[in-house]
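Assemble the complex: chain C is given as a structure, and chain S must be docked to it using the hints.
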Amino acid sequence: MATELSRTQGHTAHQRRRTWRTPMYTLTNYLFILPFLILFATFVAGPIFYSFWISLHDWKILAREQPFIGLANYINLMRDGIWWIALRNSLYFAFLTSIINTIFALVVAMLVNAPIRGRDFFRFVFYAPVVLSVAAMGIIMSWMMNTQFGIINYFLVWFGLPPVRWLADPNLVIPSLSLATVWWGFGFPMVIYLAGLQGIPDHLYEAARIDGANTWQTIRYITIPLMMPSIFFVFVTQLIAHFQVFGQPYIMTGGGGPGRSSYTVIIYLYQTAWRYFLMGYGAAIAVALALVILFFTLIQFRIFGRRSVIEY
Amino acid sequence: MNHYRVYRFLTRTLHYAVLIALAVVVGFPIYWMLVVSITPAAEVYRWPLQLWPANPTFEHYRAVFTRQDLMVDRWFINSVVVSTIITVLCVFLSSLTAYGFARLEFPGRNIIFMLLLFTLMVPGQVTLIPVFLLVRSLGWLDTYHALIWPGAVSVFGVFLLRQFFTSVPRELEEAALMDGAGRFRIYWQIVLPLSRAAIVALTIFVFLGAWNDLFWPLVVLNSLELRTLPVGLTVLQGTYIQERALVMAGTVIASAPVLLFYAIFQRRIIQGVMLTGMGGR
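Residue numbers (my numbering), protein chains in the order written: chain C, 1 to 312; chain S, 1 to 281.
Check the hints yourself; a few may be wrong.
Claimed, not checked - Quick look at which bits of chain C chain S covers, simulated, 3 or more residues with Cβ under 8 Å:
no., segment
1, 47 to 60
2, 202 to 209
To be verified - Using C-beta positions, here's what the derived DEER-type ranges look like:
no., chain 1, residue 1, chain 2, residue 2, range
3, S, V18, C, F52, 49 to 59 Å
4, C, R79, S, A17, 50 to 60 Å
5, S, Q68, C, L31, 44 to 54 Å
6, S, G108, C, I219, 45 to 55 Å
Stated by the list, open to error - Chain C is nowhere near these chain S residues, computed Cβ spacing over 12 Å in every case:
no., residue
7, D73
8, P107
9, V135
10, G139
11, T143
12, Q163
13, S167
14, L194
15, V231
Don't read these hints as lab results, they were simulated from the structure.
Just so you know, even glycine gets a beta-carbon here, dropped at the ideal spot from N, CA and C.
Bound conformation, chain S alone:
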């Protein structure tokens, strides 16, 4: 018995040791980003490295906001505005459509649904060039229309929500119908609230996806003042590669909102991943 206790103590200790070591390794790069961003420029390249700067400074944050060719504050607002509009549109349209496919009858429903299913198997890269040419001929290049309208379509979102909507008890909807509620009202006041977990998860992951997207804004936006944060960061990395602390300050500004958001809603986000299978690569 005593032997067994020792064994359990050892495995438990090892378990914790592995987890703690792993947490340090995983957390360190994020910590390091913060540290470098507040290290004075002269000390960034100096050895031995300081795990905490002797003279922490906010000069790089000031520089990031004041340099003529950097518009981090503007990029930040752009990212917030564009991601929010995409998210609201995408979640609204996906849920509305999902409800249509889950509960309503109309001619051609199954054929249209099969078409959606088919496009889900085609990787998104195929549409990059045609959508770019389309956006160009619409005169939308270098405008937010180019980001918002293609970004508002999520076939996966429709599939996901349809699955949740079909599990809402039909009796509830039928009762509401008899009470004279219209279809839209049923969707809005019964089905949506009952599927809140899925809606919240979709909202979070669509927002994160839009906030973090790099390729599409890189391709369709040109003006400095219209860029979103990820594209702005590539400019920073390209132009100021010699000023590491400055680049890191920009990276912190781009990452802090999502990290903060994650810290607040972590339980919901992790549950959302389990529920929907979204939220990563």
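In isolation and in its complexed conformation, chain C is listed as follows:
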């Protein structure tokens, strides 16, 4: 009986494996990925390579010919003062925002992870701004940060402090955009951290409590070390995301003002390609941007590649 059954099972398994491999089945298997693959090749993979090709040309959208100019776009870019300003501003904004978000979101995550009443409500409020579009967020914050009529300055004056020229002062505009972005986005890393915090087993905290550790010590010696992978992950992904900032300066500072003090790489890309229709130069900007981001990604891989699995 037992051998009979095992033979039947073995037979069907064998048969099944064979039928899966017949050409007819292989072809139908392709049907599952084919629609996606066509779109992927057209709108993702092809354009990635085409982008390099365009960047090697003096590609003006309205011109009849697009002459090949080799690396001239890249050479010009390296000598282009605006590019360096845009790069500096983007990096400044990205680092500032990511550092604040990485730390602040962790603090808030620990506050709303504690077993207190109403913590679901606090989580709800803190994540709410994340669902707004950058357009809505930019409009709201540019009105709040208005030097003359903004409510932030209204409260500052009310407390007897001098008004601040948030978006009008060239030295303050990027920190101001950063502040607005932290308001808008910190709920996201907060939730990422919450997932990490819930993965820390309770018995570690119990053991520490039995040993007489205070709250600060448990945070310092248990939570932070065990959260290091999450902290690195949040920081690098935040850095990559905020380096590509566009909407905030586009909406809040009229596309990078005052002057060029909040002019970012993507704003430069946007204006080059869609104001001046210099597609070749724009493509070179995009490729250079991608290289910077690739650099961040490699750092991310290095960090995570080296990190061993944490054993509790």
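Chain S alone, transformed into the frame defined by chain C:
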């Protein structure tokens, strides 16, 4: 012991005080957007500011819908239609493809998958100009094709769902196969329902992403009546910057649906972020 109790009471109070203060600061801008949108135009610039308008009015909402150069109702419908089509297409294609990579065998599977992995590391900005030129040569500029087809491709979605699909027990699928179910039926009736949490999360975040996207619609759409809400808002901010209450009314109209949606599904959305790592910047 008593000393310890006092200490605990104090830390607990401080804990709440910090959280409440933070909630007020975070919630205030959204509240303020609502307040400004119902403040009479004459009072918007008046000091002292009113935390609740003395004479609330809906004149700005009426104006937003009736001004000749604003088509907020049309933009709203555009956003709903475009985001819905993108979401349905994207989730369907991603899940179908993810199932293919998770369970089916075909020549070149690993090479194609490696190619997907590679493109995931390349930032999307690289493809903006080539896709724009492509869309232009297809005659799709200023049509929804330009938004929908590029928007329907999510390599990340494929990766995400593949990961969930591989954790569906193989035995279930094999049992269904023996009962004579086809591969598509297995995907549709077994794998999809079992991965519901991931599918729902992907659906929500693809929709939010499409609804909130600014750059791409800004670049490929030109006609006033074809715009989506975020692009419409930039017009509003650009043209009517002097009429703050009007701009805020438009912003409320663009934000209310997502905020409402979030309020209803908040638990699912926050769980979705934890599950997928999507849902933010």
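A quick look at each hint next to the structure:
Restraint check on the segment 47 to 60 of chain C versus chain S: 5 residues with Cβ-Cβ distances below 8 Å, three needed, restraint holds. Coverage of the segment 202 to 209 of chain C by chain S is violated [criterion: at least 3 residues with CB-CB distance below 8 Å; count 0]. The given range of 49 to 59 Å is respected by V18 (chain S) and F52 (chain C), whose C-beta atoms sit roughly 51 Å from each other. Our hint of 50 to 60 Å for R79 (chain C) and A17 (chain S) holds, since their Cβ atoms are close to 55 Å apart.
At roughly 50 Å, the beta carbons of Q68 (chain S) and L31 (chain C) sit within the given window of 44 to 54 Å. Here the CB-CB span from G108 (chain S) to I219 (chain C) is close to 50 Å, well matched to the stated 45 to 55 Å. With a cut of 12 Å on Cβ distances, D73 (chain S) stays outside the contact zone with chain C, its closest approach being about 17 Å. Look at P107 (chain S): its CB is around 7 Å from the nearest CB on chain C, not clear of 12 Å, so calling it non-interface is violated.
The claim that V135 (chain S) lies off the interface is violated: its Cβ sits roughly 9 Å from the closest Cβ of chain C, which falls inside the 12 Å cut-off. At the 12 Å boundary, the C-beta of G139 (chain S) stays outside the reach of chain C, the nearest C-beta of that chain being 15 Å off. The Cβ of T143 (chain S) lies farther than 12 Å from every Cβ of chain C, with a closest approach of about 15 Å, so its non-interface assignment holds. Every CB of chain C is more than 12 Å from the CB of Q163 (chain S) (nearest about 15 Å), matching its label as outside the interface.
Every C-beta of chain C lies more than 12 Å from that of S167 (chain S), the closest at about 17 Å, which supports listing it as non-interface. L194 (chain S), annotated as away from the interface, keeps every beta carbon of chain C farther than 12 Å; the closest lies near 17 Å. With a least beta-carbon separation of about 8 Å from chain C, V231 (chain S) fails to lie farther than 12 Å from that chain, contradicting its non-interface assignment.
The structure does not agree with the numbered hints 2, 8, 9, 15 stated previously, though it agrees with the rest.
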